[in-house]
Amino acid sequence: MVVETEVIRREYLRHDKKFPHVWCPGCGNGIVLGSLLRAIHGLGLPKDDVVVVSGIGCSSRMTTYIDFNTLHTTHGRALTFATGVKLAKPRLKVIAVMGDGDATAIGGNHFIHAARRNISITAIIVNNSTYGMTGGQYSPTTPYGSRSTTSVYGHVEHDFSIAELAVTAGASFVARGTVYHAAQLDKLLEEAMSKRGFSVVEVISNCHVQHGRRNKLGDAVTMITGFRDRAVPVAKAAKMTAEEMQGKFSIGVLCDVDKPVSTEEYERIRSEACQLKS
Amino acid sequence: MASAEQGQRVLLQGNEAVVHGAIAAGCRFFAGYPITPASEISELLSVMLPKVGGTFIQMEDEIASMGAIIGASLAGVKSMTATSGPGFSLMQENLGYACITEVPCVVVNVMRGGPSTGLPTNVSQGDVLMARWGTHGDHPIIVLAVSSVSDCFSITVRAFNLSEKYRVPVILLSDEVVAHTRESVVLPSQDKVRVVDRIAPSVPPQWYKPYADNNRGVPDMAAFGEGYRHHVTGLVHDERGFPTQQPKEIESFLMRLHDKITKGFSEIMITKNHLMEDAEVCVIAYGCVSRAALMAIKMARQHGIKAGLLQLVTLFPFPRKAVDAALRQCKAAIVPELNLGQMAREINRVNQTGTRIIKHNRIDGQMITPNEILKQILGVS
Ligand SMILES: Cc1ncc(C[n+]2csc(CCOP(=O)(O)OP(=O)(O)O)c2C)c(N)n1
Ligand code: SF4
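Protein sequences appear in the order of chains X and S. Counted the way full-length UniProt numbering counts, the first sequence spans residues 1 to 278. Counted the way full-length UniProt numbering counts, the second sequence spans residues 1 to 381.
Extracted from the complex, chain S is given alone in its bound form (with noise of 0.2 angstroms):
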């Protein structure tokens, strides 16, 4: 078992990065249960979540995982799960209840083949669509994707503080292979890390609303046990919390939980470019794909070929102006993908230019390699 001091550099893999992540982001309770390939996640927390003070617990099922973690985030202490595709499946209908009551938490999907119990050891990107819209409801979600060991310790902090800012579930996926590709990095010191918290009310308890607007849109929060008494429910509810069938709350509620993100779009959308500054053609990629797509572009640029890469950390909300800026820019995009299209189907709805957006998809459990991407960037210059 890797044990890292921070500050020092050491050899981990993805899932144990995003374990040292979560850690300094204050996470300090876990529920889960195992699967390939998220199952180091657990294991890890498990040794390192009690020497912190926090728990760890292995649910009955996925369902049962995410139900204790939002019970645990109410109670006021940070809180995480991880699992992969099936997993991420049961976890769905909690998702929306964490959405709706507005309960900061973070989804770690380590995506592997699918649908169903599909590949389990393989990679793939599979559940895109899904981490944005599976569950019911119009809902805002933030999901931000990994690519690289030294991401998931990073992005993991970046997808606690997110959620406790923005009182909102956050999806992180990583994938097989990010998940365990082995990486020499170096974790910042925790005086290092920043560290967000969710804003605990100031008024006296009597004059508490656990739901009311303010001028972020997101309602201060408290914590079961510090004298706030008050009701959460899954049902739309007015600004005291209680149920309400009122049109007109209804809809300010609802509004209020897309508008908080909506506030915040500057702050959520992570987008890294390589090699953009006088790119003409680029590909857009996430995740582990996007490592292969930084040595295809390197590989074109000694072509001759001006390429270069958006990367997209955030995946949702869109970066629609990251995306737009690109398209622009280039006359040709190229979107691989380990799936048939996720995040190109997202790309081309916000393709104004009417830029070529080039498709290269794989769903055959193997990686999208270098050459693969570069044999589309010479084939549109």
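Extracted from the complex, chain X is given alone in its bound form (with noise of 0.2 angstroms):
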């Protein structure tokens, strides 16, 4: 294990980006970096196939730090810009990692049109219920009566699952895991990755410093211990009640189907086009 970590600083590392990186101790984040590279390492991606792409926050400044293609975009518009890299050269491997506010707010429209579209990249979104890197505002997927620096009185809007949203919406794969479960987080990633089409994984990850501190759900330790004493296989959790689930979320692979990919589907009527032409 130990050795594993030094390989994957090694290699896929900046070395030569000007650290320190900009989260705050203890974030989730870093471990979902960690995930995410020891998937494309277990996977045994070329470097140069992959394209990291991010939106516009704390979780989004990932593509700065690792030796990939990378492009940090403009905020909720990470999978347009990826829809762009993939169906301009469909070989590169593409990951577009995003916030929850990224993905689901400014950029939900994208999510779930990149879901129905099923178009084969990988998005990895790091659910911390807030927006963090702009102070601790709610989010969507910021609870019922929590507190935020815009819902101070506590929160009166609803959350959105965004697991169970990109399955409806269409992604042929589908998990959701967590900052604690992190050996399970370098599986799923590598199952997403693996995909052909449209696959989600959403991280549940903790910003204590903008989240955490307000609704004094403990440091950043207390909080991810929290996600193993809240997270229920999803085999387990389809055989419980709504009222057994309060308070807790389901963690593994939600969809895996198999249907037409959009990206394979054009090169299919690209090369049937130039043959018709010649």
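In short, the hints are calculated from the structure, not lab data. Treat the hints with care, since some could be wrong.
Capping the alpha-carbon separation at 20 angstroms, the derived lysine to any residue pairs in SDA-like fashion look like this [what the hints assert, rightly or not]: (1) S:Lys272 - S:Lys209; (2) X:Lys17 - S:Lys209; (3) S:Lys263 - S:Gly227; (4) S:Lys375 - S:Arg301; (5) X:Lys187 - X:Glu4; (6) S:Lys209 - X:Glu4; (7) S:Lys51 - X:Lys187; (8) X:Lys47 - S:Gly227; (9) X:Lys17 - S:Gly227.
Computed footprint of chain X on chain S; a stretch qualifies when at least three of its residues, placed anywhere within it, have a C-beta under 8 angstroms from a C-beta of chain X [stated by the list, open to error]: (10) 69 to 75; (11) 224 to 233; (12) 282 to 288.
Listing some non-contacts, in silico: residues in chain X with all C-beta distances to chain S over 12 angstroms [as the list claims (entries may be wrong)]: (13) Val7; (14) Arg10; (15) Ile66; (16) Leu92; (17) Gly107; (18) Gly145; (19) Thr150; (20) Val152; (21) His158; (22) Leu165; (23) Lys187; (24) Thr225; (25) Val234; (26) Lys236; (27) Lys248; (28) Phe249.
Just so it is clear, CB atoms sit at the ideal spot from N, CA and C, and this is done for glycine as well.
Mind docking these for me? Both chains are given alone in their own frames, and the hints should help you get the complex.
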């Protein structure tokens, strides 16, 4: 394990980049980053063939630090840039990293359409229930009643379940993991990246600095171990009542289906049209 | 659906000619969202692109379209989108992204009456200053205006070439009249079309600095997936592409963006003179209005008035030299526009000689007629 970490660090971090990174100590983003790199390493993907695209937010800074073709885009639009990259060069492995606000508020429309389109991109959504980078305002995943810098009296709106949204929108593969379950997260990311079609991994993560502090959820360790206690494997969750699931969430693979992939379909159209011409 | 064989005489509408120009220039990726009066560009490209090995996609909106063409361009494929006013508004943030990341791409805005959803099927030139300043921050950009079907072909090719050479988004301003007018044109055969491609790095990957200055001020551009792994960000970045907060690095980076365009002025500034040799009164016009203006100066000549037309093809960077020469030469300049004087404002700004500048504006969705312009010419003669 120690050797492994050393290999990952040496192979995949950008050493010519002016570290340190922008993340707060203990932020779950680092764990997601580690998982992402281990998954890519595990799959043996050549670095030159990987493109990591991100939006704007704390989690989206990930692209700065890793040695691939990286694209740090505009807020909410990561999937649109990723779509262009993938369609223009289908052989590339395109991964999009986004925050919950990034992916499902400002980028919500792109998210559901990427899923509907079933384009071969892996979307990793770091769900920390808040807008971390802008100072802890409520996001589409902020739980009802919680406090944020824009809901100091308690939040009156209801939250999205990102993974379920992705299933309904038509993604081929959808999973949910947490930064506590790092080993499982490595696997989920590997599976997602090997999947043909649009794959989504929602990662429940901690923003103890903005969200945790305001809602008295404790420090990083307390929040992360809290995920251990609240996470229920998908199969078990399916047998539990809504009441039993109160305050809990399912983890694991929510959906894994095979259906035509737009990226591949278009390649077929292209080769047919080219032949038609000659 | 028109199918034009290059080298043959064909009847085409402006929007179709834009498509042929784009394909000839090497465009192989288009992302767009339907909007009148630009839709025919999408429709025809959806047919033609796959035939030449390219890709067409209809995105969920214009923000997405702009993002997708930037992504495709970064993957090494010449890309374009086409829209009209409301869609162009939505593209602005990502347009700024293309400016700061120096991603070549072409954005066609077929202007219609605004503001807002405005006059969907009526002509306008209301987006001129927006094309220059619509996105936030100081940034260079190239804005070209087309006036005929043959322009739609050749200026689209130019737009791609300039975009590739200077690594800058180029806005091609068309308008409803040019877009939907059918004219008979001969499209040049492919071997007659000058095509410029971005310069790829030739150094070993470990030496590559994606935003390093060179004598052109335009860094070599590596495509994703070719071994030159690098970082692209909309944050102000150093020459390696990483975000920087160093005042020195910020300034030299942003100045380079402007300077590269300054260096190319003589090539970027496209204007056309019609009967300007001995002109005493001139009309300065662009887009569909320059067609009416051409007719008007010919009519004026029949009245014995020495009238000429300076047609602006490049609107930004502003073709100051050509405008200045016309203003020095003439006692009066008439500036007809389908807006309340957006270019007249620029012309006034550079007017050093006290030449009379007469605006002539229409914002009722109708064309400016040759007779209207003639009346203005007669008025100053
Ligand atoms: C168009 C636009 N609107 C707003 C912002 C400001 N902004 C930057 S990051 C951010 C929120 C990020 O939150 P999230 O996506 O949840 O990611 P996190 O920081 O929590 O990882 C916002 C609103 C922006 N950069 N662009
Ligand atoms: S603000 Fe929150 S999400 Fe951002 S780095 Fe700090 S802990 Fe992480």
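Tested hints:
{"no.": "1", "hint": "S:Lys272 - S:Lys209", "in the structure": "violated, 39 angstroms"}
{"no.": "2", "hint": "X:Lys17 - S:Lys209", "in the structure": "holds, 12 angstroms"}
{"no.": "3", "hint": "S:Lys263 - S:Gly227", "in the structure": "violated, 30 angstroms"}
{"no.": "4", "hint": "S:Lys375 - S:Arg301", "in the structure": "holds, 13 angstroms"}
{"no.": "5", "hint": "X:Lys187 - X:Glu4", "in the structure": "holds, 15 angstroms"}
{"no.": "6", "hint": "S:Lys209 - X:Glu4", "in the structure": "violated, 30 angstroms"}
{"no.": "7", "hint": "S:Lys51 - X:Lys187", "in the structure": "violated, 40 angstroms"}
{"no.": "8", "hint": "X:Lys47 - S:Gly227", "in the structure": "holds, 9 angstroms"}
{"no.": "9", "hint": "X:Lys17 - S:Gly227", "in the structure": "holds, 18 angstroms"}
{"no.": "10", "hint": "69 to 75", "in the structure": "holds (count 7)"}
{"no.": "11", "hint": "224 to 233", "in the structure": "holds (count 9)"}
{"no.": "12", "hint": "282 to 288", "in the structure": "violated (count 0)"}
{"no.": "13", "hint": "Val7", "in the structure": "holds, 18 angstroms"}
{"no.": "14", "hint": "Arg10", "in the structure": "holds, 15 angstroms"}
{"no.": "15", "hint": "Ile66", "in the structure": "violated, 9 angstroms"}
{"no.": "16", "hint": "Leu92", "in the structure": "violated, 5 angstroms"}
{"no.": "17", "hint": "Gly107", "in the structure": "violated, 9 angstroms"}
{"no.": "18", "hint": "Gly145", "in the structure": "holds, 32 angstroms"}
{"no.": "19", "hint": "Thr150", "in the structure": "holds, 22 angstroms"}
{"no.": "20", "hint": "Val152", "in the structure": "holds, 30 angstroms"}
{"no.": "21", "hint": "His158", "in the structure": "holds, 24 angstroms"}
{"no.": "22", "hint": "Leu165", "in the structure": "holds, 15 angstroms"}
{"no.": "23", "hint": "Lys187", "in the structure": "holds, 26 angstroms"}
{"no.": "24", "hint": "Thr225", "in the structure": "holds, 33 angstroms"}
{"no.": "25", "hint": "Val234", "in the structure": "holds, 29 angstroms"}
{"no.": "26", "hint": "Lys236", "in the structure": "holds, 36 angstroms"}
{"no.": "27", "hint": "Lys248", "in the structure": "holds, 33 angstroms"}
{"no.": "28", "hint": "Phe249", "in the structure": "holds, 28 angstroms"}
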